[in-house]
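K.L.:
Top line first, the protein sequences correspond to chains A and U.
Converting from the first sequence to the working numbering requires adding 4 to each position, the first position being numbered 1.
Converting from the second sequence to the working numbering requires adding 2 to each position, the first position being numbered 1.
Bear in mind the hints are in silico, worked out from the structure with no lab data behind them.
Be careful, since some hints might not be right.
[Stated by the list, open to error] Label-pair distances were calculated between CB atoms; the ranges are:
1. A/Gln90 with U/Ser291: 41 to 47 Å
2. A/Ala187 with U/Ala246: 54 to 60 Å
3. A/Arg243 with U/Ala288: 43 to 49 Å
4. A/Thr286 with U/Phe7: 31 to 37 Å
5. A/Asp97 with U/Glu92: 32 to 38 Å
[Said to hold, decoys possible] 27 Å max Cα-Cα, derived DSSO-like pairs, lysine-lysine:
6. A/Lys91 with U/Lys84
7. U/Lys225 with A/Lys117
8. A/Lys134 with U/Lys290
9. U/Lys290 with A/Lys91
10. U/Lys18 with A/Lys134
11. U/Lys121 with A/Lys91
12. U/Lys225 with A/Lys159
13. U/Lys10 with A/Lys117
14. A/Lys23 with U/Lys290
15. A/Lys224 with A/Lys282
16. A/Lys76 with U/Lys225
Backbone N, C-alpha and C define an ideal beta-carbon position, used for all residues, glycine too.
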Amino acid sequence: MSEPLVIDVHGLTKNFGPKRVVDHFDIQVPKGAIYGFLGPNGSGKTTTIRMLCGLLTPDEGEGTCLGFDVRKQAEQIKEQVGYMTQKFSYYEDLSIRENLDFVARMYRLDRRKQRVDHALADLGLADRQKQLAGSLSGGWKQRLALAACLLHEPKLLLLDEPTAGVDPKARRDFWDEIRRLSAMGVTVLVSTHYMDEAVQCDFITYIAYGKKLIDGPSSKIPEMVGLETWRVEGPDLARLEDRLLKEPGVVQVARFGTVLHVSGTDKAALEATVERLKAEGTHRWSLQVAGLEEAFIYLMTGARDNFAGDSDDAGKPGQVAA
Amino acid sequence: MNLGFSLKRFGAVLYKEFIQMRRDRITFGMMIGLPIIQLFLFGFAINADPRNLPTLVEMGDNGPLSRAVIAGMQNSSYFAFKGAVSGIGEGEEALRRGEANFVVVIPEDFERDVVRGNKPEILVAADASDPSATGGAVAALSGIVNVAIGETLTGPLAQQAGSAPFSMVVHREYNPEGKTSTNIVPGLLAIILSMTMVMITAVAIVKETERGTMEMLIATPVKPLEVMLGKILPYVFVGYVQTAVFLAAASLVFGVPFEGSVWAFFLGFNLFIVVNLALGFLISTAAKSQMQAMQLSFFTILPSILLSGFMFPFAGMPGWAQFIGQAVPATHFLRVVRKVMLKGGEVADVTGELWALVAILLVISGIAMLRYRQTLD
Numbered sequence: 005m006s007e008p009l010v011i012d013v014h015g016l017t018k019n020f021g022p023k024r025v026v027d028h029f030d031i032q033v034p035k036g037a038i039y040g041f042l043g044p045n046g047s048g049k050t051t052t053i054r055m056l057c058g059l060l061t062p063d064e065g066e067g068t069c070l071g072f073d074v075r076k077q078a079e080q081i082k083e084q085v086g087y088m089t090q091k092f093s094y095y096e097d098l099s100i101r102e103n104l105d106f107v108a109r110m111y112r113l114d115r116r117k118q119r120v121d122h123a124l125a126d127l128g129l130a131d132r133q134k135q136l137a138g139s140l141s142g143g144w145k146q147r148l149a150l151a152a153c154l155l156h157e158p159k160l161l162l163l164d165e166p167t168a169g170v171d172p173k174a175r176r177d178f179w180d181e182i183r184r185l186s187a188m189g190v191t192v193l194v195s196t197h198y199m200d201e202a203v204q205c206d207f208i209t210y211i212a213y214g215k216k217l218i219d220g221p222s223s224k225i226p227e228m229v230g231l232e233t234w235r236v237e238g239p240d241l242a243r244l245e246d247r248l249l250k251e252p253g254v255v256q257v258a259r260f261g262t263v264l265h266v267s268g269t270d271k272a273a274l275e276a277t278v279e280r281l282k283a284e285g286t287h288r289w290s291l292q293v294a295g296l297e298e299a300f301i302y303l304m305t306g307a308r309d310n311f312a313g314d315s316d317d318a319g320k321p322g323q324v325a326a
Numbered sequence: 003m004n005l006g007f008s009l010k011r012f013g014a015v016l017y018k019e020f021i022q023m024r025r026d027r028i029t030f031g032m033m034i035g036l037p038i039i040q041l042f043l044f045g046f047a048i049n050a051d052p053r054n055l056p057t058l059v060e061m062g063d064n065g066p067l068s069r070a071v072i073a074g075m076q077n078s079s080y081f082a083f084k085g086a087v088s089g090i091g092e093g094e095e096a097l098r099r100g101e102a103n104f105v106v107v108i109p110e111d112f113e114r115d116v117v118r119g120n121k122p123e124i125l126v127a128a129d130a131s132d133p134s135a136t137g138g139a140v141a142a143l144s145g146i147v148n149v150a151i152g153e154t155l156t157g158p159l160a161q162q163a164g165s166a167p168f169s170m171v172v173h174r175e176y177n178p179e180g181k182t183s184t185n186i187v188p189g190l191l192a193i194i195l196s197m198t199m200v201m202i203t204a205v206a207i208v209k210e211t212e213r214g215t216m217e218m219l220i221a222t223p224v225k226p227l228e229v230m231l232g233k234i235l236p237y238v239f240v241g242y243v244q245t246a247v248f249l250a251a252a253s254l255v256f257g258v259p260f261e262g263s264v265w266a267f268f269l270g271f272n273l274f275i276v277v278n279l280a281l282g283f284l285i286s287t288a289a290k291s292q293m294q295a296m297q298l299s300f301f302t303i304l305p306s307i308l309l310s311g312f313m314f315p316f317a318g319m320p321g322w323a324q325f326i327g328q329a330v331p332a333t334h335f336l337r338v339v340r341k342v343m344l345k346g347g348e349v350a351d352v353t354g355e356l357w358a359l360v361a362i363l364l365v366i367s368g369i370a371m372l373r374y375r376q377t378l379d
């Protein structure tokens, strides 16, 4: 990677009381990249993002964000970072314009009226600028939040599950905007639970129990996860799906239209199962290169929720990657 | 299908409610702990017929009859003699400063005049700015003195005892008509300001955290001090408006005088507002929701009403309750307001109260700042 690194941190660690929320986390984000941040609920994504933008001081670890020390130069980092929180965090009892104007004042921006007018026009909210932010729908709130955190033209955008609760059309528009910003040289770190969003990222890092398990360019992720996938066509796929899940070597069965993608990490066991079923002659089987979709479904479902204590389940992708 | 009332569903809601109640520690504590504390605190502390009121005496005559009168007053347990003054001027000063509730002046040659049948007068100057504190004692006065006389005037003087050999003249200082409104109205300012200032500040700050807007705020380059000052100052303004409205109403509607120094009032009032804002800020560091902030604020208001001397006489409370009362900001502001408005107090008369408010402010804001740092990370 010859591009300069916008985020370069090593060993970031944060404890809340006795609980270690983020455990020696490293990440290197090149300029202009869209970096996807994946992981189950409670895996430490939000805490990591908060440490990167100076809201929390790491207990251990060091590094730079936009060339500033994450421990000592939080003030400078805040000036150039746009942080979009998971929950809508603007004032519901202020109007759209008042919210934007307030944020502009927080960053002591020049040409404030002009910038706010411009943002309102971009949003397509110029004629509703006096409406209270609280009366907006989820999709519009999200667009307002994005506009507000872009007002000061940040070099780095940290988006914490920005599209939760937003309809698919609004999500697509949102991602068009993210890609446009990325093309202009803005670096984006985005956490998400949605597979169709993860697919759009240039890089992916996967975190569970505060530990990074996978990190790399999106194209390399299937290989890193190490899944082998078979494609099945034929009648009565629903029954076959139920049956397959009980067979040895089968970790995941995903349905894509009229075909099933059957994946597993133990190549030999999966092949043995497939051979046995092939002999029944009811379905057509073919080996196929595991794609990003299978890998993500595997990652997303493998580790369900880090608040629960069952580490054996959540640890699966980790064992795979190692 | 049963469309009626389901005990199981009802039970489930009940059970859920208890779980939530137990999880919400602060509210739970307030429901169980605070009522008990307050019941004991106020139940034992409040005394509407206060005894042992600090009294000073000017002994112009030191004969057995004079001493019998003083001893009778002391024995009644209403009056507690704290010392002697020389001259009524010194006595008036002590009343104004609030060091004594009564000054008793026994005139010179008192006993000789009694024997000669000249019917001398004993002057009792009472601080009537709080009528409920002094009223009981004043009412008991004539009975006390009659008993004392009956025991002392024996033998040839016994006939004098029957026909009131001297008279007790009670001067109600600062509130000659003993009007309750004159006492209550200035005190209300302390209560109104505590109530609104503490509650509004606490809720305003907690609202920011509860709605998640605090996270957005601290992600911008804004400094914590800028946020705090920016949030608190509007409420200082609210306090000014409240006080202005209050002063106008006190004067125009209730006819309460404003005798003393505007400066003394201004100093005390600003200090009191700041103390209340600091208290509200402290509450906001503990409360997790606006509801909790409201409840916590409410519980700081009760001592302001009951232990400050607003509703019940401060001097009538037992020592330990007075000690707690000293820690309540409203106690000191109440004294400032009464001294300045009713007794014509100057800055010099209220320095003690002002320093007490400064001390309370330092303690509260010290704790609040410590807690605030913790909540940032």
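K.L.:
Hint by hint, note whether the structure agrees.
P.N.:
Going down the list of hints, with the structure as the test:
About 19 Å separates the C-beta atoms of glutamine 90 of chain A and serine 291 of chain U, a value inconsistent with the hinted range of 41 to 47 Å. One distance hint, 54 to 60 Å for the beta-carbon pair alanine 187 of chain A and alanine 246 of chain U, holds here, with the actual separation near 59 Å. Hint check: arginine 243 of chain A to alanine 288 of chain U, Cβ distance near 58 Å, so the stated range 43 to 49 Å is violated. Between threonine 286 of chain A and phenylalanine 7 of chain U the Cβ separation comes to about 54 Å, which falls outside the hinted range of 31 to 37 Å.
Checked against the hint of 32 to 38 Å, the C-beta distance between aspartate 97 of chain A and glutamate 92 of chain U comes to roughly 59 Å, which is inconsistent with it. Pair hint lysine 91 of chain A plus lysine 84 of chain U does not hold up; C-alpha atoms about 65 Å apart against a cutoff of 27 Å. With a CA separation close to 23 Å, the supplied pair lysine 225 of chain U and lysine 117 of chain A stays within the 27 Å bound. About 31 Å separates the Cα atoms of lysine 134 of chain A and lysine 290 of chain U, which puts this hinted pair outside 27 Å; it is violated.
Using a Cα cut-off of 27 Å, the hinted pair lysine 290 of chain U and lysine 91 of chain A holds, with the two alpha carbons roughly 17 Å apart. For the suggested pair lysine 18 of chain U and lysine 134 of chain A, the alpha carbons sit about 41 Å apart, so the restraint of at most 27 Å is broken. Under the criterion of a C-alpha separation no larger than 27 Å, the hint pairing lysine 121 of chain U with lysine 91 of chain A is inconsistent with the structure, at around 85 Å. At most 27 Å may separate the alpha-carbon atoms for a hinted pair to count; lysine 225 of chain U and lysine 159 of chain A meet this at roughly 21 Å.
A hinted pair counts as satisfied when its Cα atoms are at most 27 Å apart, and lysine 10 of chain U with lysine 117 of chain A does not qualify at roughly 59 Å. With a C-alpha separation of about 21 Å, the suggested pairing of lysine 23 of chain A with lysine 290 of chain U holds against the 27 Å cut-off. Using a Cα cut-off of 27 Å, the hinted pair lysine 224 of chain A and lysine 282 of chain A is violated, with the two alpha carbons roughly 30 Å apart. Straight-line distance between C-alpha atoms of lysine 76 of chain A and lysine 225 of chain U comes to about 15 Å, which keeps the hinted pair within the 27 Å bound.
Violated hints for the displayed structure, listed by number in ascending order: 1, 3, 4, 5, 6, 8, 10, 11, 13 and 15.
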